[in-house]
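Those protein sequence lines, which keep their order, are chains E and C. Numbers 65 to 321, taken from the working numbering, label the letters of the first sequence in order. Numbers 311 to 672, taken from the working numbering, label the letters of the second sequence in order.
Any given hint could turn out to be false.
To be verified - Simulated coverage check for chain E against chain C, where a stretch passes if three residues somewhere in it have a Cβ under 8 Å from a Cβ of chain C:
| no. | stretch |
| --- | --- |
| 1 | 138–146 |
| 2 | 157–166 |
| 3 | 173–185 |
For the record, the hints were derived by calculation from the structure and aren't laboratory data. Think of the CB as a built atom: it goes at the ideal place given N, C-alpha and C, for glycine as much as any other residue.
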Amino acid sequence: MIEERKPILEVKNIVKRFGGLVAVNGVSMEVYPGEVVGLLGDNGAGKSTLIKVVSGVYHQDEGQVFFKGQEVKINNPMDAINLGIETIYQDLALAENLNVYSNIFLGREKLKKALGCIDVLDHKYMLTESKKVLDRLGIEIPSLKNRIKMLSGGQRQSVAISRSIFWNAKFLIMDEPTAALGVAEQRKVLDLVRTLSAQGVAVIIISHQLYDVFQVAHRLVILRRGEKVGELMTRETNPDEVVSLIVGAELVENSKK
Amino acid sequence: MSDENIRKSSGINREWPVLIGKSWIYLFLLGEIVVFSYYGTGFFSAKNFQNVMVNSITIMLLAAGEIFVIISGGIDLSVGFVMGFASVMSAKMMVTFYTLGWNQNLAILMGILIALLIGFLPGLLNGFLVTKMRVPPFIATFGMYGIAYGFSEIISYNVPITKLPPGVGAFGNGYLLYYLPGKLLNWFSQPVGLARAEIRELVPVIPNIFVISLLIIFIFGFILSRTRFGQHTYAIGGNIDAARRAGINVDRHLMKVYMVSSLFASLGGIMYVLRFVNGRADAGSARMLDSVVAVVIGGASLYGGTGSMVGSIIGTFIIAILETGMVNLGIPTFNKYIYVGTILIVAVLIDQLFPELVRRGD
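Only chain C is shown next, with the shape it has when bound in the complex (with noise of 0.2 Å):
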């Protein structure tokens, strides 16, 4: 009751800041693509959000499997080297199987669900180390980030891996379709037989590697809102006693959570070797501090509880415009982190501030 009149009261004087407090990332993106594209040159194009595009895949994977993680109450620092450990995998996978004189396609396929299946491991040993040992997430999982690594490095004996099948590049670096303006249109592959000129003028259409992530992303994004799963991970996160006495099995429910955290860095590895055509160690290990920041860019709290996919996808594509347009105005890519880490705690602070706008999408 008072609560209501007070709001009612003051509804006037503090719909605005509402509003805006509970919007301002989508501003915030839209400040950014106004200012680079005044600034820049053909930033605002189609051919450079492709770039865009391409260059989110990665924070928006990790950031996908950190989301739950996160609301759950925990938090995944072992993403990145996750990533680097799936990404050697698979490629290492591919390389061995095609030099036995296996079909490119039958290679490439198992090097994928191989490094799938091996990329729950981590996720597994995280989450049996912070529900059934009472170890800290923080702690368990930068444990993990060390020993993907390691494993990594003694896959790749150092190096990264490279020699893969052909077919491995033309797929990652190929897009949904081909379009040449007033001619044809091509799905999935470039059309064939094209003069050199026409060739030049062909618009490649969405690359596949996003519109696969996206999918992805969308599928687990319904999943977290709308099934038993996602609210069983947002009650963790908001009480994990309440949870526990309401009979949710917390354990077994954190444990896939971490699964679900691990198997979105190995889809990370996987779109890595995809794209760059070799399989790194380090291949994701600066990203893991990117993948947290769209989370709490999103509206996530680190203390659990809050969240969602959508708001991690707006907060991805904050870095990833921020980056991209970084390089278009030729400022050394280094100063990002300085952005990334301000935009993180002004991010924590509005949050702090201003508690009645803490944003869930639903």
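Excised from the complex, chain E in its bound form (with noise of 0.2 Å):
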């Protein structure tokens, strides 16, 4: 079903050099409307690296990027959110005295006239249409006036991930999001995963939780020093299969014995 559609993120022959360091060498792969992908591999492996291409931290040496179809030249994390690709990373890039529906506007803020000359913020505009979006995610959070430092982390990622799809991103990478989270809340944002698949947002997921990869990507793409040894679908795979494809089948069959 999903490979008679036309992917909406294709990267070819990605070759990326820091000096003499080959830290990807000619990958290729697709992701295709509503697909979760799970990007894998040990540290080093070039995933991050492979990520940061397409978001426009660097710019690769040798290959192409095609979104929906064109080819483009993404030279600064500018260029790739106008596109609508956005990267959530670890850190997770909010401004933690603010509080939800400024940091869902951060940068971008809805202004108002006051005595009908003065711009001004426009709070409330921007209260009702950030608690539209997350009601849409089915995201739960106490007040949207909260500052962001009283939050949880859980919390914290789904204010992250709202943001971006209140800005129509239809491409959404996101760097280890569970790694920091408790069980509870890690269910939750692979909820959120789900939701946002259902409504036709493509995921690139790095993660080093197989587990939780497993649970929601529907391929998985394995990295090992730079280039890609697997592309699995998850339901024909097993996490022993890709664990031997992320520190090579050699290592495994050495441990064995």
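Need the complex rebuilt from these two chains, each delivered in its own frame; the hints are there to steer you.
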């Protein structure tokens, strides 16, 4: 079913070098609308580098990036955001001293006229619009006037996700979304990923937690030493196979002896 | 969920401390007024409170600029000597134009405008060093502290600039309103043709320079709390990377923030000239500490991200009342520094020990 549709993102033969080190070596992959792809690999496998090429932090040395079928040049993070590619980093990039809706509108505040000529913040509009997007995603936060400082890790993650969705992200990259969360909160974030997927948003998840990735991802892409060593449908594989790809089959064989 | 439950279950026990913690600066201010009114002579009088207003102007202006910088996560140590620089510049210009035979009002206006224009420069340079050159704010503005002082001394040849046009003092020490009980009411200037006894009875209401300062501070308080500029200032102080990734032009914003600070320091210098009818390099030297303390008492964190203009004004009055009260009681004013320093540390301690009380006036 998914295969019939056109990929929303396609990267072809991406190469990224840092001096003599080849961090990503000729990796190709595609992601379809509404699909959740788990990007797996050991430390230094090139996951983050590949993602940073897509999100505009790095520029590839070779290879092409296609978004919605068009070749795109992503020179900086704002280019990516303008295309509809949002990245949620581990640190979430929230201003903890501001409240929920101010963070959702950060940098793109809604203004209104006071006394007919002065631009002031339109708190009411930002509050109601933020509430709408949170409701749509089934996120519960006691009050959107609470500062981020007062929220739990999972709630913060939800705010970061809502922010990108509010600004019409069609493609979401999540770097270790569950790493810092408790079990109940992890489940909520994974539920949220499923909701996003059901609403047609494509998601790439980078994670070390195989269990989480297996729960939500449709497809897995495994990198090792900068190269793609496997691409598997989640339902046709198992964690053992994936681990052997991540660390290299020989190593697994050796450890069994 | 769980947070909320905790808060609810312990609500009754914690409500009072929270309320006191949030409003302790108001209580402290009230306490000061009560104590000085009780022990002092004529402290609780309209005349004395007008004195407090005049005394508070310098700290209030410096604090109004400093609050922007501190909320953005920086600090501006140069304000005291930038103020001195502006006072010397404007005084020098007023004297120069006046001796050239200009109309005195025009000479005064030009002196003020030139000081304001040049007053942007230290801020521009501070902002440039902090953002483009990645010099820590502490160092950049500390350097500017010395540079501004040096230039002021060069311009003034190491002596206060005097012989200003007479209109300076008339305006600077004038009041918004003059009121003769039961007889007459006059705006802006002392009524003419009064008997000597009547002049003695005349009640001046609210110093001119206090009104002007408060008006400008009100405008910038509005900018800080209601506009996108203010919101971005808070965001940068809260998480500079988040602000960058949200597409805020952080460097340009910080340059503006340092320029606001330097603008207020220059206003401080101009008000000094209007009030004391001279311009001197060390006009605001001791006031930098006071302005930072006023801002911190008012709820700003030196780590950035919190603070408010109203808080800074209350902080200013806490210091100004203290000074005036000590003079009233005949306590040498250098004792003030001990109290001010102590208040600063207590304010920071309260914020650190009870983080849930962190105050931020919206």
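Here's how the hints hold up against the structure:
{"no.": "1", "hint": "138–146", "result": "holds (count 3)"}
{"no.": "2", "hint": "157–166", "result": "holds (count 7)"}
{"no.": "3", "hint": "173–185", "result": "holds (count 7)"}
Of the numbered hints listed earlier, not one is contradicted by the structure.
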